[in-house]
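Visitor: Here is how the chains run, residue by residue.
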Amino acid sequence: QKEVEQNSGPLSVPEGAIASLNCTYSDRVSQSFFWYRQYSGKSPELIMSIYSNGDKEDGRFTAQLNKASQYVSLLIRDSQPSDSATYLCAVIYNNDMRFGAGTRLTVKP
Amino acid sequence: DGGITQSPKYLFRKEGQNVTLSCEQNLNHDAMYWYRQDPGQGLRLIYYSQIVNDFQKGDIAEGYSVSREKKESFPLTVTSAQKNPTAFYLCASSQDSGTAYNEQFFGPGTRLTVL
Chain G
1 QKEVEQNSGP LSVPEGAIAS LNCTYSDRVS QSFFWYRQYS GKSPELIMSI YSNGDKEDGR
61 FTAQLNKASQ YVSLLIRDSQ PSDSATYLCA VIYNNDMRFG AGTRLTVKP
Chain S
1001 DGGITQSPKY LFRKEGQNVT LSCEQNLNHD AMYWYRQDPG QGLRLIYYSQ IVNDFQKGDI
1061 AEGYSVSREK KESFPLTVTS AQKNPTAFYL CASSQDSGTA YNEQFFGPGT RLTVL
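Going line by line, the protein sequences match chains G and S. The first sequence begins at 1 in the working numbering and counts up by one. The second sequence begins at 1001 in the working numbering and counts up by one.
To be clear, the hints were calculated from the coordinates, so they are not data collected in a lab. A hint or two may mislead.
What the hints assert, rightly or not - Facing chain G, from chain S, some residues (calculated, C-beta under 8 Å):
#	residue
1	P1039
2	G1040
3	Q1041
4	L1045
5	N1102
6	E1103
7	Q1104
8	F1105
9	F1106
10	G1107
11	P1108
12	G1109
13	V1114
14	L1115
Note that beta-carbon positions come from the ideal geometry of N, C-alpha and C, so glycine has one too.
The whole structure should be built from the sequences, with the hints applied where relevant.
Guide: Right, dumping it as structure tokens:
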């Protein structure tokens, strides 16, 4: 069983819509969760971190964490073509960061 | 201007050759990491270091070696023992790997190709 799972996509949404990206993890004791954005050919860029249950908002981005369901999501409101990228979910297990394979998002003008 | 630098951006290796990838950070971070990324896969940890002169193997350390002689620098050597080294190599750093609240920040990466 993979430690961090994401739907590989591609996920396609029209410009202005809400994009919803999902991630599940296998270790119940995980405490820290991160979303990275990776443009094609570039390195990952940290866009959100979340540590407690509930929602955390930062601009157009909202991270949602549900530890009971072992589920973390990222919502992107008012999606723009510049949001087209691969989004990596990362989870810390015993001080080691584990990454999902990423979900490729395409925002169509 | 703080950040993480990696060089070279592109590297070509011949069969049987060792090559060294550079990683430098001026963020005053204690911990540094090397990851490998293959198409369609997540990042896999090669080595990490929490303090100078100490480092630990990650999930896929075979065929790689590292050193941490200075806090700012964490070079990775890809040896001839690594049979499939073609990949995108990413260096990262974090303030302190000893806590669960451990945001990692990445350098721009080195793309290694075996000829």
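Visitor: Taking the hints in turn, state whether each one holds.
Guide: Hints, verified against the model:
no.: 1; hint: P1039; result: 10 Å, violated
no.: 2; hint: G1040; result: 6 Å, holds
no.: 3; hint: Q1041; result: 6 Å, holds
no.: 4; hint: L1045; result: 7 Å, holds
no.: 5; hint: N1102; result: 6 Å, holds
no.: 6; hint: E1103; result: 6 Å, holds
no.: 7; hint: Q1104; result: 6 Å, holds
no.: 8; hint: F1105; result: 6 Å, holds
no.: 9; hint: F1106; result: 4 Å, holds
no.: 10; hint: G1107; result: 6 Å, holds
no.: 11; hint: P1108; result: 5 Å, holds
no.: 12; hint: G1109; result: 5 Å, holds
no.: 13; hint: V1114; result: 19 Å, violated
no.: 14; hint: L1115; result: 20 Å, violated
Violation of the numbered hints given earlier is confined to hints 1, 13, 14; the remaining hints are satisfied by the structure.
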